[in-house]
Amino acid sequence: MSDLHIIYTLFASSARLQRKRAYLTIAAIAWGTVAILMLLAFGEGLRRQLDKNRRSTGENLAVIWPSETSKPYKGLPAGRAIRPRVNDIDFIRERMPELRAVHGEMQIWRPAVYGRTTKNLRVIGTNWVYGESRKHYPQAGGRFITPDDEAQRRRVIFLGDEIAKDLFHDEDPVGKTLLVANSPYLVIGVMQPKTQMGMYGGPDKNHAVIPITTFRAQFGRERLNQIVIAVEDPATMKSELRKMNELLGPKFGYDPEDDRAMPTWDMVKSAEVNRKILLGIQLFLGIVGALTLIIGGVGVANIMYAVVKERTREIGVKMALGAKRRWIIFPFVAEGLVYTLIGGALGITIATLIVAALSFVPIENNRVLSFLGRPTLSPMIGVATSAILGVIGLLAGYFPARRAASVDPAATLRYE
Amino acid sequence: MNGNGTIIHMAGIKKVYDTGKVKVEALKGVDLEIHKGEMVAIVGPSGSGKSTLMNLLGCLDTPSEGQYELGGENVAGVTRDQLAEIRNRRVGFVFQNFNLLPHITSLENVEMPMLFGGMPVRERRDRATELLNRVGLEDRVDHKPTELSGGQMQRVAIARALAMDPDIILADEPTGNLDTSSGGDIMSIFTDLWKQGRTLVIITHDPALASRASRVVEIRDGVVVRDHAN
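Protein chains in written order, with the numbering used here: chain H, 1 to 416; chain E, 1001 to 1230.
Because the hints were derived from the structure by calculation, they are not lab data. Watch out, some of these pointers could steer you wrong.
Straight-line C-alpha distance at most 27 Å; calculated DSS-like pairs for lysine-lysine [what the hints assert, rightly or not]:
1. H:K135 <-> H:K238
2. H:K238 <-> H:K251
3. H:K165 <-> H:K176
4. H:K20 <-> E:K1144
5. H:K309 <-> E:K1144
6. H:K74 <-> H:K238
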C-alpha cells in the first residue's frame, strides 16, 4: 500500500472549505493570475510592437553623417570637413561587396504644387536600393525608383503616405504630375503606411524620394548628407563599420579611429540596447504581477491556517489512529495547491479571453496603440505564470500543513 | 508480546510538564504491569495523573523518565512516526467524546486505522463492515457521525478501536457522555470483549464501570496508591 494511496484517500475524504471561503480564495488567486498575465501580455505586446516599429525603418542599418575631423591625420589639422560625393557610393559598393546595400542620401526642402495645393516638401535624393533597405514599399498600383530611373535621371517621385494625402487629398497620386521647385515630376508610387520608431531627418511618411542622379542635376548638389549601409548579419555590423572607416579614412584624410569625423548611428547596437530596456520593463511587469499573485497566495495560506485550526481535533484523531507526519502534511499541501491551481486555471482562462477580445480592437489608426501594441500571450508567459502559481500554491499549503503536523494529539483529544 | 503474557510493563515512569516557569510533576514514578486478558480500571480523582498515564499508555506522549514496554516493544526514544505506527498496530482508543471524524461515514471511520496500517481497500471494507455488524450497527454503515446517537457513535468508536486487532484497548471515560442505558450497552460490549480474551484498560470515574473490571488501579497525586483484583 503506497503512501500515495493513503495521502490521496485522506485528501479525498477530508472536509472541504465552506463554499464562500473557497470561492473567495479561488477568486483571489484568479485575480492575481489575471494581473500577472495581463501585465506580461502587455509587456510582450509592447516588445513585439516596438520591435516591429523599429524594423519599419529598415533592418541591420547604420546611418553615417559625414562631419568634421577632431584629430590631426597625416599632417592634416583637426577640424577639416569630410565631404563624400554621390560617386563615392559606388566606391564603397565596389570595395565592400559583402554589404547587403549601400546608399547615399541628399536632402532639400522645396515647395511642391498640385492643383491649388502647395506644400513645403522634404525631398530626398537617393539610390534605388533605398526602397528595399529603408522599407519604402509602394501601395498597390505604384512602384519605387528603379535602376533605370537612376541611370537616366528621370524626374520621377515616390511620396510618403501622409504627404501624398496632404497634396492629393482623395485623388490617386500615381500617374499625376507634381511640380517640385517648378519642375514637373511624375508620381510613381506612394509608400504603404507604417508605424516608424527610429528616424533621422523626419518621418518617412512626410517626405518624397527622387533618384539621386535627378537630385544632383536638379539642385546642383554633390555632397551627401548621409551614407547608409545595410549588412546581412547584424553580428558583422561593428566590423563592417570599422572596415568602412579604414577604407574612407585614407581617401578623405581622417583617422579611422576618429569617431567625430563620421558620426554613426548603428541601429544594430541601439536595437540591442532597446532589447535590454524592454527585457527590464518585462521583468518589472512580471515582478509587479507576481507580487499581486503572492497576495493571493497569502490569502490561500491564511485560509489554510484557519482550516488547520478548525480541524485540530480531526488531525489529533488521525494521529492517534496512527497517521504519520507526511500523511497529515501532504493532504493539506494538496488542498492549498488545488485551490491555487483552480484559481490559476480560471485566471488563465479569463486573461486569454481578454487578450483574444483585445485582438479585435484595431490599432493601426490609433496613435497610442500603434506604439503600445496589443497584449500578447506567449508560451513563455504561460510557463512562467504556471511555475509561479505552482510555487505559491505549494508554499501556501506547506506552511499551514507544517503547523498541522505539529499538533499534539494528547492535548487535542480529551476535551471538547 | 513476551512469553509470560505481559502487555504493558511500566517501571519508574515519571512525567514532568515544563510550563516555562513551573515544572509540574504529573507522574512521580509509576510501576504498572498489565497482562494479556486483563480488564483494568484506572480510577482516581481529577488531577491525579490519570490522563497523563492514559497518554503514556496510548503512546500519545512519551515519559520524561522510566521504562515503558508495550507488547515487548520499548517505546522510549522512538520518533514521532514510529510512535504513530506503534499506536496504529498496538493500541485501540475509545474516547469520552468519541472523536469520530465528522464528515465521513461510520464505515470510513472504522477503515481509517486500517488505511494507516496499509491494508488493501477490499480487505479494509470487509473488515470494517464485519466490525460494525459486531457492535450492532449493520444498518448505520453509511451514516455520518452527526446522524448517530451518542451510544451509536461510541459503538463506531469501539469498532474502530478493534480495526487493527490491537494488543490493548484503551478507553478514556467511555461512558462519560452517555445516558445510563447506552452507557450500560457500552459496558456490556467491553465485558464481552474481555470475555473474548482482549486486554482492556479503562480510565473512569464511574464506580459501576470500575466494578466490572477484573482489577482496579487507583492513582492519586501521580503515584499508584492501590492495585487490587476485583
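Hint check results:
The straight-line distance between the Cα atoms of K135 (chain H) and K238 (chain H) is roughly 22 Å, inside the 27 Å bound, and the hint therefore holds. Among the hinted pairs, K238 (chain H) with K251 (chain H) is consistent with the structure: their alpha-carbon atoms are about 20 Å apart, no more than 27 Å. A C-alpha spacing of about 13 Å is found between K165 (chain H) and K176 (chain H), which places the hinted pair at or below 27 Å, so the restraint holds. Between K20 (chain H) and K1144 (chain E) the CA atoms are separated by roughly 23 Å; this keeps the pair inside 27 Å, and the hint holds.
For the suggested pair K309 (chain H) and K1144 (chain E), the alpha carbons sit about 22 Å apart, so the restraint of at most 27 Å is met. Taking the CA atoms of K74 (chain H) and K238 (chain H), the gap is near 25 Å; set against the 27 Å cutoff, the hint holds.
Figure legend: structure checked against the earlier numbered hints; every hint is met.
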